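Student: Produce the entire structure from the sequences given, and follow the hints as far as they go.
These are the residues of each chain, in order.
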Amino acid sequence: MVILFAVFLLTLLVLTAVAIVRTDNLFVAVMLTGIFSLLMAANFFILDAADVALTEAAIGAGITTVLFLGALALTAEYEKSISTGRWLSLGVVAVTTLILIYATFDKPRLGDPQAPVHLHVAPWYLEQTPQLIDIPNVVTAVLGSFRGYDTLGELNVILTACIGVLFILGGRRGQYSPSDGTKSLSTIHSLRHHLIPKIVGHFLIPFIILFGFYIQFHGEYGPGGGFQAGAIVAAGIILYALLEGEAQALRAVPRSALMGMVVGGAMLYGAVGIAGIALGGNFLDYSVLTDNPVAGQQIGILIIELGVGLTVCGALLLIFHAFAAREETD
Amino acid sequence: MALVIDILSWILLTVGGAFIFIGGLGALRLPNFYTRMHAASLTDSMGSILILLGIMLQAGWSLAAFKLLAILVFLLLTGPTASYALANSALLSGLKPEYFRPDNAEK
Amino acid sequence: MYYVVSFAILVTMALALIRAVVGPSVYDRVLAVNMFGTKTTLLLSVVAFLYGRPDFLDLALTYAMINFIGVLAVLEFFQSRSIRRENKQTD
Chain A
1 MVILFAVFLL
11 TLLVLTAVAI
21 VRTDNLFVAV
31 MLTGIFSLLM
41 AANFFILDAA
51 DVALTEAAIG
61 AGITTVLFLG
71 ALALTAEYEK
81 SISTGRWLSL
91 GVVAVTTLIL
101 IYATFDKPRL
111 GDPQAPVHLH
121 VAPWYLEQTP
131 QLIDIPNVVT
141 AVLGSFRGYD
151 TLGELNVILT
161 ACIGVLFILG
171 GRRGQYSPSD
181 GTKSLSTIHS
191 LRHHLIPKIV
201 GHFLIPFIIL
211 FGFYIQFHGE
221 YGPGGGFQAG
231 AIVAAGIILY
241 ALLEGEAQAL
251 RAVPRSALMG
261 MVVGGAMLYG
271 AVGIAGIALG
281 GNFLDYSVLT
291 DNPVAGQQIG
301 ILIIELGVGL
311 TVCGALLLIF
321 HAFAAREETD
Chain B
1 MALVIDILSW
11 ILLTVGGAFI
21 FIGGLGALRL
31 PNFYTRMHAA
41 SLTDSMGSIL
51 ILLGIMLQAG
61 WSLAAFKLLA
71 ILVFLLLTGP
81 TASYALANSA
91 LLSGLKPEYF
101 RPDNAEK
Chain C
1 MYYVVSFAIL
11 VTMALALIRA
21 VVGPSVYDRV
31 LAVNMFGTKT
41 TLLLSVVAFL
51 YGRPDFLDLA
61 LTYAMINFIG
71 VLAVLEFFQS
81 RSIRRENKQT
91 D
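Chains as they are written, first to last, in the working numbering: chain A, 1 to 330; chain B, 1 to 107; chain C, 1 to 91.
Take these hints with a grain of salt, some might be off.
[Said to hold, decoys possible] Facing chain B, a subset of chain A residues (Cβ under 7 Å, in silico):
1. I196
2. P197
3. V200
[Unchecked claim] Computed Cβ-Cβ distance ranges for the label pairs, DEER-style:
4. L30/B - V157/A: 43 to 53 Å
5. V92/A - W61/B: 39 to 49 Å
6. L74/A - L8/B: 49 to 59 Å
7. L95/B - F167/A: 32 to 42 Å
8. L90/A - L3/B: 57 to 67 Å
9. I82/A - L8/B: 39 to 49 Å
10. L30/B - N156/A: 46 to 56 Å
11. W61/B - I99/A: 33 to 43 Å
12. V157/A - L3/B: 50 to 60 Å
Honestly, the hints are just simulated from the structure, not real lab data. Predicted, not measured: the structure shown is a model, and the values here were computed from it. Where a beta carbon is used, it is the ideal one built from N, C-alpha and C, also for glycine.
Tutor: Structure, rendered in structure tokens:
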């Protein structure tokens, strides 16, 4: 029965991908990318990977669509057709596809218990997590503790991407519109002058941010963690920016605070690692943080997830403001 | 008692599924944008109420039922608002609804 | 018991996808994406109970929120774009 679900969803995925490539209206492509991300999250869910599905939901459907639309507002709406080199690119893609399909003949079947990945590391993680770390969600245990270096690297990748975007788009373009409310680019038809979405949105924003905090601290017990929580809180603040205007959102959470969050999160993660060294263990060894090694592991995971959430939230909001601020000066 | 709950949730789930399918069919087949919006809002409101109530009956008194209630409240709040904002935006951008006039109809 | 409902929801998702690909105006496509998001939320709730994992309901709740934000962002984009077009034409 799972096979039927998976085949159906994957067929829809292929149809969506074909439609995205074939259309030349970029706005339609952005909409279909939103549907693509929803389908991918459903696929991940069918495959029982809840953390990945939650991350795809939080980042792919909401934030990526908003950022694509922000970029689309700055550029043209129809794709310029490419006339040269189509057959060459088609040939390259076909050859690569055939090579990849040939490479999958050697792969073990999906979920095969005798596959190498299920024989060496995975049983060790599943057995050792209750003894060493004692949290129910093994994914967070692997992400935060067993593979803490990789997560530190991912966090720094996000930080670097944010810095790169800020270099390209400029952090200080786009002055605030004057506070007496005149001459904003979007006049009376903008969303912030409609009563019903404004009231409902204002009602929902505290719940969204509260839910983001719940996901942040609940990551040890269920699907969740820092990445998802940062994206959800950023989505809540983006909703506020959509309803009240970007200038108002910048007054609520100023740019300096966002920069502080981005850098502070990464530094918090590194600080936990260095604290491990200072207390006598290795880098990113949480067992030495308190007297009880298991409690030390849990506290260590909690703090680094907090760092991850801060950085992700700050980075997404800074990128959003970079796009939105640029639009106002046109 | 458990049998009654099972039958009740079966009925709710099946009727909810029927509503959702009818709404989806309407969104595909109806001629105009505003009429399609009627069909789509059918799935948002009635479909989600029936399906989530059916699942809530199966969940009993637990945290899962409370989360389902939260999902239901969210969907009921945000679904009509999104439909309103969409229809308003379409109307302000000049997409005109087609009115039925007697001389339009074929005899 | 959940298989019938999930099948109905999957078929409706396919119908919404057809509307998103075909729909002549952009508003049809936004409508289709909104519908798709709601259906995904319902599908996630139903399948979470189908698999006996009710603690996966967080995903459905997340999707219900994020879908709303996505649709509002799209509409804001539309309105500011049409305003900009009007300003350009009057200049």
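Student: If a hint holds in the structure, say so; if it does not, say that too.
Tutor: Okay, the hints, checked on the actual structure:
The criterion of a C-beta within 7 Å of any C-beta in chain B is met by I196/A, whose closest approach is roughly 5 Å, and the hint holds. Look at P197/A: its Cβ gets to within about 5 Å of chain B, closer than 7 Å, so that hint holds up. The beta carbon of V200/A comes within 4 Å of a beta carbon in chain B, closer than 7 Å, and the hint placing it at the interface holds. Taking 43 to 53 Å as the suggested C-beta distance range, the pair L30/B and V157/A conforms, at roughly 47 Å.
Distance hint for V92/A and W61/B: a CB-CB separation of about 59 Å, inconsistent with the stated range 39 to 49 Å. Between L74/A and L8/B the beta carbons are some 54 Å apart, a value that agrees with the proposed interval 49 to 59 Å. Between L95/B and F167/A the C-beta distance comes to about 41 Å, which sits within the given range of 32 to 42 Å. Between L90/A and L3/B the C-beta distance comes to about 60 Å, which sits within the given range of 57 to 67 Å.
Our hint of 39 to 49 Å for I82/A and L8/B is violated, since their Cβ atoms are close to 58 Å apart. About 51 Å separates the C-beta atoms of L30/B and N156/A, a value consistent with the hinted range of 46 to 56 Å. Here the CB-CB span from W61/B to I99/A is close to 56 Å, at odds with the stated 33 to 43 Å. Between V157/A and L3/B the CB atoms are about 55 Å apart, so this pair conforms to the stated range of 50 to 60 Å.
Consistency with the previously given hints fails for numbers 5, 9 and 11, ordered from lowest to highest.
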